Structures are given as C-alpha cells and as structure tokens.
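> The first sequence: position 77 = 78 (our numbering), numbered continuously.
Don't take each hint at face value.
Said to hold, decoys possible - DMTMM-like mimics (lysine to aspartate or glutamate), calculated; alpha carbons at most 20 Å apart, straight line:
id : residue 1 : residue 2
1  : K139      : E290
2  : K407      : D368
3  : K124      : E379
4  : K415      : D447
5  : K183      : E271
6  : K37       : E49
7  : K139      : D447
8  : K457      : E397
9  : K388      : D327
10 : K237      : E224
11 : K415      : D103
12 : K94       : D74
13 : K251      : D313
14 : K436      : E379
15 : K202      : E170
16 : K176      : E195
17 : K251      : E227
18 : K267      : D327
19 : K32       : D83
20 : K57       : D327
21 : K169      : D368
22 : K124      : D83
23 : K251      : D211
24 : K432      : E376
Unchecked claim - Label-pair restraints from in silico Cβ distances:
id : residue 1 : residue 2 : range
25 : I119      : Y301      : 35 to 45 Å
26 : T312      : N414      : 17 to 27 Å
27 : Y38       : T254      : 27 to 37 Å
28 : K220      : E144      : 50 to 60 Å
29 : K388      : A429      : 35 to 45 Å
30 : D336      : E253      : 41 to 51 Å
31 : Q236      : E362      : 53 to 63 Å
32 : Q387      : P335      : 23 to 33 Å
Simulated from the structure, these hints should not be mistaken for lab results.
Predicted, not measured: the structure shown is a model, and the values here were computed from it.
Just so you know, even glycine gets a beta-carbon here, dropped at the ideal spot from N, CA and C.
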Amino acid sequence: MAANKPSIPSGTRDFGPIEMNKRTYILDTIKSVYKKYGFQPLETPTLENLSVLTGKYGDEGDQLLFKVLNSGDYLKKTSEEDYKNGAKAMLTKISEKGLRYDLTVPFARYVVMNRGTISFPFKRFQIQPVWRADRPQKGRYREFYQCDADVIGTNSLICEAEIVAMIKEVFSSLKLNGYLIKINNRKILAGIAEMSGQAGKESELCVAIDKLDKIGIEKVNAELKERGFSDDSIQKLAPVFNLDGDNQSKIETLEALFTSSETGKKGIEELKTVFSYMEKMGVSADKVEFDTTLARGLSYYTGAIFEVKATDVKIGSITGGGRYDDLTGVFGLPDMSGVGISFGVDRIYDVLEELNLFPEEAITGTDLMFVNFDEQTEAYCLPLLQKLRAIGVNAEIYPDSAKMKKQMNYANNKNINYVALAGSNEIAENKITLKNMISGDQELIDLESFIQNFKK
RNA sequence: GCGGGUGUAGCUCAGUCGGUUAGAGCACCAGUUUGUGGCACUGGGGGUCGUGGGUUCGAAUCUCAUCAUUCGCCCCA
C-alpha cells in the first residue's frame with residue numbers, strides 16, 4: 002500500500018461515470034425546460050469577494066462560509082494586536098475572498114453590476130456548485146449543486162404560474178409522478194399573524210409553523226408561546242392550521258377570516274390570480290396544494306412560496322422557491338422584485354434511484370466496441386470506426402490486442418451493447434461479425450449492412 | 001457548537017474469553033477454453049488490523065490519546 006492513502010475532504014464527492022451519466026440526464030432535463038420558458042444561462046465565479054458574501058445569510062451563514070486565504074504572505078497585513086483581538090478581527094486581514102454559498106446572492110450582484118446592459122425583466126438560470134462549511138450528514142454535503150432559475154424586474158404573477166408549469170414539466174419529463182407541489186404566500190402568513198392579534202410577528206410564526214409536520218401541533222404551540230404569542234392568539238390560529246378540503250374551499254375559509262387584514266386579502270388575491278393564470282395556460286392544479294403551514298426558512302421571501310415534496314420516498318423537499326421584493330437592495334438597487342426556483346439535484350437523484358426511474362439510454366455510454374486481434378484488424382476496423390462515429394454512433398476499439406476474454410469482459414463490464422469482430426476470416430471475405438451482447442447472438446454480415454445497422 | 005457509532009485485503013465485512021502463521025464474499029490475475037463476455041470449477045497475488053502510547057509472557061481484541069469517517073441535534077438545500 003502507498004504511504005499515504007489519498008482522500009477527499011468530508012462532505013465532498015467524486016462523481017464516477019455511471020453517476021455522471023445519471024446526473025447529466027437530470028440536469029439536461031431541467032436545463033431544457035428552463036430554456037423552453039425563456040431563461041438564459043449565467044455563470045458566476047467560484048470565488049466572490051467576502052464583502053459580497055458576508056452579512057447576507059445571517060450570523061450562522063457567515064460561519065458557514067468557506068474563506069480563502071490571501072495569496073502570498075497572507076500574514077503581512079496582520080499585527081500582534083489583530084491576533085489578540087481574535088479570529089473575527091483577524092479574518093478581514095488574512096482573507097478577502099470566499100467560495101459562493103448560494104447562487105442567489107451572486108446573481109443579485111451580477112444584476113446590480115450589469116444593470117446598464119441587462120434588459121428587464123431578466124430571466125436567468127444557473128447550475129453550479131456551491132459550498133458550505135457545514136457539518137456533513139446524510140443528504141447534506143459541503144459541496145453541492147444548485148439549479149436555480151429566477152426572473153427579476155417584474156411583479157407579474159404569470160411568473161409564478163410559469164414556475165408551477167416548469168416544475169410539472171421537469172418531473173413529467175423525468176417520469177416522476179410521486180410528488181406534491183405545495184404553494185403558499187408570505188402575505189397570507191402575515192395576514193394570519195395579523196388576524197391572531199400578533200401583526201408583524203410573522204417571521205416568528207413562520208419559524209414555528211414550518212416545523213408543524215415535523216414536531217406536531219402541540220410542540221408548535223408551545224414554541225409559539227415561548228416566542229410571545231398569547232393563549233388567545235394561539236387559539237385563533239387553530240382553525241388556520243386545521244384547514245380542510247380542496248384549494249378552493251381553503252381559500253374561501255381564509256377569505257372569510259381575513260376581513261380585517263389587508264395584507265392577508267392581498268395574499269389570497271395573488272394566490273387566486275396564480276391559479277387563474279395556470280388555468281389559462283392549461284396547467285392543471287392537480288398535485289398543487291395550497292398549504293398554509295408552508296413557511297420555508299428564508300426570510301427574504303415576500304410573496305408566493307413553493308416547495309415540492311416527493312410522496313413515494315421519504316426524503317423531504319426536492320424543489321423550492323418563492324418571490325422576493327428586494328433582493329438587490331443590499332447592493333444599492335432597491336425595488337427589484339423577482340421570483341425564483343431551485344431544483345435539488347442530489348435529492349432528485351436519490352428519488353429516481355430509489356424508484357428505479359433512470360432510463361437505459363441515460364446510463365449506456367458506448368454502443369459498439371471493435372475487438373482488437375492484431376495490426377491487420379486495426380487497419381481494417383479503424384476506418385469503419387470513424388465512419389460510425391461520423392454518423393453519431395458512440396464507438397471505440399479496444400486499444401491493445403489483448404486476450405479475447407479480457408476484451409469481451411471489458412465490453413461486458415462497460416455495458417456495451419454490440420461488439421464487432423474482424424479477424425483474418427472476416428477480412429478475407431470483406432465482412433464483419435457483429436455480436437449482440439445482450440442476447441448473445443452474432444452474425445457474419447457485409448460492411449454495408451453493418452453500417453446500416455447503426456443508422457437511425 | 002453539542003452528542004453517539006465505526007476504522008481489519010481494492011470493496012463489503014467476520015474475527016469467540018486476550019493465545020500459534022488474521023479470515024470470507026465480491027473484485028483482480030492465471031487456468032479449464034490458441035476467436036467469444038455473463039454461468040461454473042481450479043489455482044494465485046494482495047494486510048504496518050487508522051496512527052501513537054499504555055497494560056500484559058502475549059493485543060486486531062483491553063485502556064488512553066489522536067486522526068479519519070459516519071449518524072443524529074442546531075441550522076439548512
């Protein structure tokens with residue numbers, strides 16, 4: 002064994018060929034849907050200046066940022082005194098850059114920097130890895146991919162309806178039927194807070210009720226009480242948490258409750274508009290559920306909130322998103338409303354894997370391999386190989402004239418569907434033997450029909 | 001930041017109460033088969049038992065430390 006076993010940092014992963022093929026299948030599907038709805042690609046640097054990143058994700062978030070040491074002598078700007086003042090004071094002197102923590106903040110930064118050349122509304126999608134210095138655990142990594150699409154610079158609720166349409170299209174392309182799109186609106190949550198006599202406390206309310214399906218109503222109530230909600234207001238909240246029936250009847254019940262809350266009414270109005278746009282687009286409300294207990298952690302959402310849950314696999318949320326009103330404000334460009342969505346590739350991967358939904362085409366790499374007997378075979382096969390590649394066949398020749406068994410084994414392990422053999426017999430007759438590796442059948446055919454076989 | 005589990009062959013793991021030369025399956029290589037993979041049989045290579053100390057006549061096994069890794073809590077995707 003080597004002196005040092007190589008390893009990768011915890012919470013990071015290698016993606017081998019099989020995994021990559023499957024991931025590419027998912028990402029290509031999402032990408033093509035994004036494009037279909039008019040979103041344009043964007044990439045931003047892995048490294049951002051820490052001044053862009055810090056303060057955007059709360060204190061916890063700042064802790065979770067990966068910071069990069071300055072190049073060269075990174076201690077040259079520091080003094081004894083900085084050392085005494087501790088890590089926080091030291092940090093600004095030794096590190097100016099960090100790894101991106103999400104795709105939303107870099108996007109906001111890009112929009113602000115390029116506001117002169119962008120024509121709004123701006124629709125962009127972005128599929129890149131992000132990094133968090135979190136403690137890794139099941140389904141949580143330090144490096145993972147986000148696939149975001151956002152439209153910024155419009156209040157139109159058509160965007161919300163389109164998001165629902167995109168979610169449906171992505172999952173139906175992936176042949177995944179077991180999912181539920183949950184939709185809510187931050188203004189409705191605010192209305193609920195108002196109605197319970199705790200106006201302005203919706204963020205406390207959100208944090209608590211977001212846990213409803215996890216810890217149950219009793220504990221949520223206990224937590225609300227802890228956060229300063231009176232027994233009276235907790236009682237008023239009860240009917241909201243126990244809403245029954247379909248989307249329409251939930252909406253009607255809330256409308257009746259919101260007589261005194263302008264914000265709540267606005268939220269309901271928005272929700273109804275989204276549903277009506279969907280109807281005009283022919284997007285069925287099937288699998289779309291209005292859920293007043295959906296809150297999502299992120300505090301910057303101001304309008305619609307989305308979350309998609311897989312129903313056949315216990316895994317939590319596989320997609321999320323929502324509307325925000327002031328994303329670019331911190332960078333000096335106020336009043337830019339936007340709405341966005343993010344598909345969780347890693348979790349979608351796990352779901353498709355568990356339900357065995359990856360199609361054969363997504364997994365197979367090479368279609369055909371030429372067995373290599375000797376130099377004569379090579380001379381005979383190489384032109385054929387290039388001919389096949391020219392018509393789009395994924396093909397290869399075994400590079401060495403190794404033992405037959407080894408070559409066949411290679412093809413077998415690599416899941417190659419066809420193997421072509423051309424030894425002295427075939428060459429003498431100007432033919433080739435084509436073997437189907439799945440059925441095991443093989444036949445001696447002339448070169449013309451050999452090529453024809455792979456034309457589609 | 002807090003708590004638990006696990007480190008033995010390339011991989012997954014077994015290893016009794018501390019006792020001789022540390023095992024299995026898979027993978028790999030060779031052969032049964034000089035031009036035919038999957039299946040079967042035969043043989044083979046491959047280990048600083050994570051690392052360092054301690055206890056002991058004797059440690060993979062007990063103990064301490066350390067590193068790695070993993071699961072959960074907080075938080076999040």
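> State for each hint whether it applies.
The hints, checked one at a time:
The suggested pairing of K139 with E290 is violated, with an alpha-carbon distance near 28 Å, which exceeds 20 Å. The hinted pair formed by K407 and D368 meets the criterion: a straight-line CA distance of about 18 Å does not exceed 20 Å. Distance hint between K124 and E379 is unfulfilled; the C-alpha atoms sit about 51 Å from each other, more than 20 Å. Note on K415 and D447: the hinted pairing is violated, with a Cα-Cα distance of about 26 Å set against a maximum of 20 Å.
A C-alpha spacing of about 15 Å is found between K183 and E271, which places the hinted pair at or below 20 Å, so the restraint holds. Distance hint between K37 and E49 is unfulfilled; the C-alpha atoms sit about 30 Å from each other, more than 20 Å. A hinted pair counts as satisfied when its Cα atoms are at most 20 Å apart, and K139 with D447 does not qualify at roughly 54 Å. Distance hint between K457 and E397 is fulfilled; the C-alpha atoms sit about 19 Å from each other, no more than 20 Å.
Only pairs whose Cα atoms come within 20 Å are accepted, and K388 paired with D327 is rejected, the gap being roughly 56 Å. For a cut-off of 20 Å, the pair hint linking K237 to E224 stands: about 16 Å separates their Cα positions. Proximity of K415 to D103 is assessed by CA-CA distance (about 36 Å); at most 20 Å being required, the pair is judged violated. In summary, the hint linking K94 to D74 is supported, as the alpha carbons are separated by about 11 Å, within the 20 Å threshold.
For the suggested pair K251 and D313, the alpha carbons sit about 25 Å apart, so the restraint of at most 20 Å is broken. Of the supplied pair hints, the one linking K436 and E379 holds, its CA atoms being roughly 18 Å apart against a limit of 20 Å. For the proposed pair K202 and E170, the alpha carbon gap of about 36 Å is over 20 Å, so the pair is violated. Simply put, K176 and E195 have alpha-carbon atoms about 42 Å apart, too far for the 20 Å limit, and the pair is violated.
Taking the CA atoms of K251 and E227, the gap is about 28 Å. The hint is violated against a cut of 20 Å. A threshold of 20 Å between alpha carbons decides the hint, and for K267 with D327 the separation of about 18 Å falls inside it, so the pair holds. Between the alpha carbons of K32 and D83 the distance comes to roughly 47 Å, so the proposed pair goes past 20 Å and is violated. Annotation: proposed proximity of K57 to D327 holds, straight-line Cα distance about 12 Å (limit 20 Å).
Simply put, K169 and D368 have alpha-carbon atoms about 32 Å apart, too far for the 20 Å limit, and the pair is violated. Taking the CA atoms of K124 and D83, the gap is about 44 Å. The hint is violated against a cut of 20 Å. Between K251 and D211, the direct Cα distance comes to roughly 18 Å. Compliance with the 20 Å bound is thereby established for this hinted pair. This hinted pair checks out: K432 and E376 have alpha carbons roughly 17 Å apart, not beyond 20 Å.
Hint check: I119 to Y301, Cβ distance near 21 Å, so the stated range 35 to 45 Å is violated. Distance hint check for T312 and N414: the Cβ-Cβ separation is about 36 Å, which falls outside the suggested range of 17 to 27 Å. Hint check: Y38 to T254, Cβ distance near 33 Å, so the stated range 27 to 37 Å holds. The supplied range of 50 to 60 Å is broken by K220 and E144, whose beta-carbon atoms lie about 34 Å from each other.
For the pair K388 and A429, the beta carbons lie near 20 Å from each other, so the given range of 35 to 45 Å is not met. Taking the beta carbon of each, D336 and E253 are about 33 Å apart, not inside 41 to 51 Å as hinted. The hinted window of 53 to 63 Å between Q236 and E362 holds, with their beta carbons roughly 57 Å apart. Distance hint for Q387 and P335: a CB-CB separation of about 59 Å, inconsistent with the stated range 23 to 33 Å.
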